[in-house]
Amino acid sequence: MSVSSAHILARDVHVEFPIYGGRSRSFKNVVLRAATGGLIAEDAAHRVVVKALNGVSFEISEGDRVGLVGHNGSGKSTLLRVLVGAYEPVSGSVDVQGQVASMLNITLGMDYEATGYENIFVRGVIMGFKPSEIKPLVEEIVAFSELGDYIDMPMRTYSSGMAVRLAFAVSTCVTADILLMDEWLSVGDESFQSKARERLRKLVDQAKILVLASHDEALIRSNCNKIMRLSHGDLISFESC
Amino acid sequence: MALSKNLSKALKDLSDGVAGIHVWPMLAWQEVRQRYRRSVLGPFWLTISTGVLLGAMGPLYGRLFNQDLAAYFPHLAIGFVIWMLIAGLINEGCNAFIAAEGLIKQTPMPLSIHVLQVVCRNLIIFAHHLVIVAVVLLVFTPEFGRGIVLVPVAVLVLAANGVWVGLLAGLLCARFRDVPLIVQSVVQVSFFLTPVLWKAGSLGRFDWVATWNPFYHFLEIVRAPLMGQPVPWQSWGAVFAMTAVGYVLALAFFARYRARIAYWV
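For the record, the sequence lines run as chains A and B.
Per the numbering used here, residue 1 is the first one in the first sequence, and the count goes up by one each step.
Per the numbering used here, residue 1 is the first one in the second sequence, and the count goes up by one each step.
Derived by calculation from the structure, the hints in this document are not laboratory data.
Treat each hint with caution, since some may be false.
In silico negatives: residues of chain A with every beta carbon more than 10 angstroms from chain B [said to hold, decoys possible]:
#1 S5
#2 F58
#3 R81
#4 E88
#5 S102
#6 N105
#7 A114
#8 V122
#9 K130
#10 Y150
#11 L185
#12 S222
#13 N223
#14 S240
Incomplete in silico selection of chain B near chain A, CB under 8 angstroms [stated by the list, open to error]:
#15 H22
#16 K105
#17 P108
Just so it is clear, CB atoms sit at the ideal spot from N, CA and C, and this is done for glycine as well.
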């Protein structure tokens, strides 16, 4: 449900990934470590941890269009996943007010053995909707994706372009307060692209908050009013542009 | 403080999961269909292959153990079908979170959804196997007592236990990748130690193998009434005790480590 004001507040967010190799991930090692005490216990102290976000704090309010920039591995995708609600920070807190739509992986959950029609519902449910909420949108989704009779065929018979067109049509059929994107979505051939651009534009414009991660500075400057820079999991700067 | 907050988050995850009744049955169906898509009989292939297996095993073991087939075959067939449900819940519960990696890392779905999906999928497969039970009952027609009405309840109790097993095993297996292999071999050995092929009470002084076997009691609450036998009260008692202990244990682990699962898978 839409709330009156969309808002994101992050306070001192830490995210660390433990890296378990074949060694420490095995049960044997933990049992042995408990049994032998000292020797292998060093292993525990030397556990490799990747710090993906290192005490990040920020506030995003309604109307903000945030461009997330940083080199590979700077923590952009991790931050997006924290905002989606998939990762809970190891310490610190994130408060997200408003309905979130994630464009991080628009084909997530789609089953290539199932028909396009079935996949509309699978995608919709994974996005957090009830089948009864998806039903009235189906016709429009099918029309937009230009799949025609293919919609009743298994998705494995689709070309990759067709599959993405369907995924795009489903993922963008809704409105949301907060829109999260990892790179600008660009799908289909030339004629479809302009149509898709227009649809995405509408979605972005009606969203109260946009967080867009990208390596393309020009794209960010034309779409965002704030830039958040991450480097090695640290927030370097967060300012208007 | 942190403990009660974790516990309430875990309970919320569980109740949100159960409330997602439009999600997990759909994902479960999708997975069953995916496995058998493009085959004419679909999941009924499972029914057929289990039926053929039992058709061969029944007379063979009946002869080996010198049993009257009319009494032995229903015991074996019904027991085996229930065992498949129990084993499926445990073995697939191990992979509940590992298999859902993509969804766990990219969506805010409650984690219990993935466990409920496993339980639901196994119930769907069990429902296909019920054809075998129906045929066996039609052929061998035992006299049902009043206990028969408790069979659906007993199956639901099994499923409810599948939920805590999935939460606990799924969590441990996501963290320690050898656990699924350990569990698998334990389940495999348990098949032979549980009165499926043989009958409880036939081991003499070694009968504790059955009476102290947790699987036996889960099996018995479903099988005994179908065979027209009374369920020993000890079996219901053991089942309720294990359900209670299981949920306490699973919730303790789930509350403590729920937030870590996304980092482990």
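Numbers of unmet hints, in rising order:
Numbers 3, 4, 5, 6, 7, 8 and 9, in rising order.
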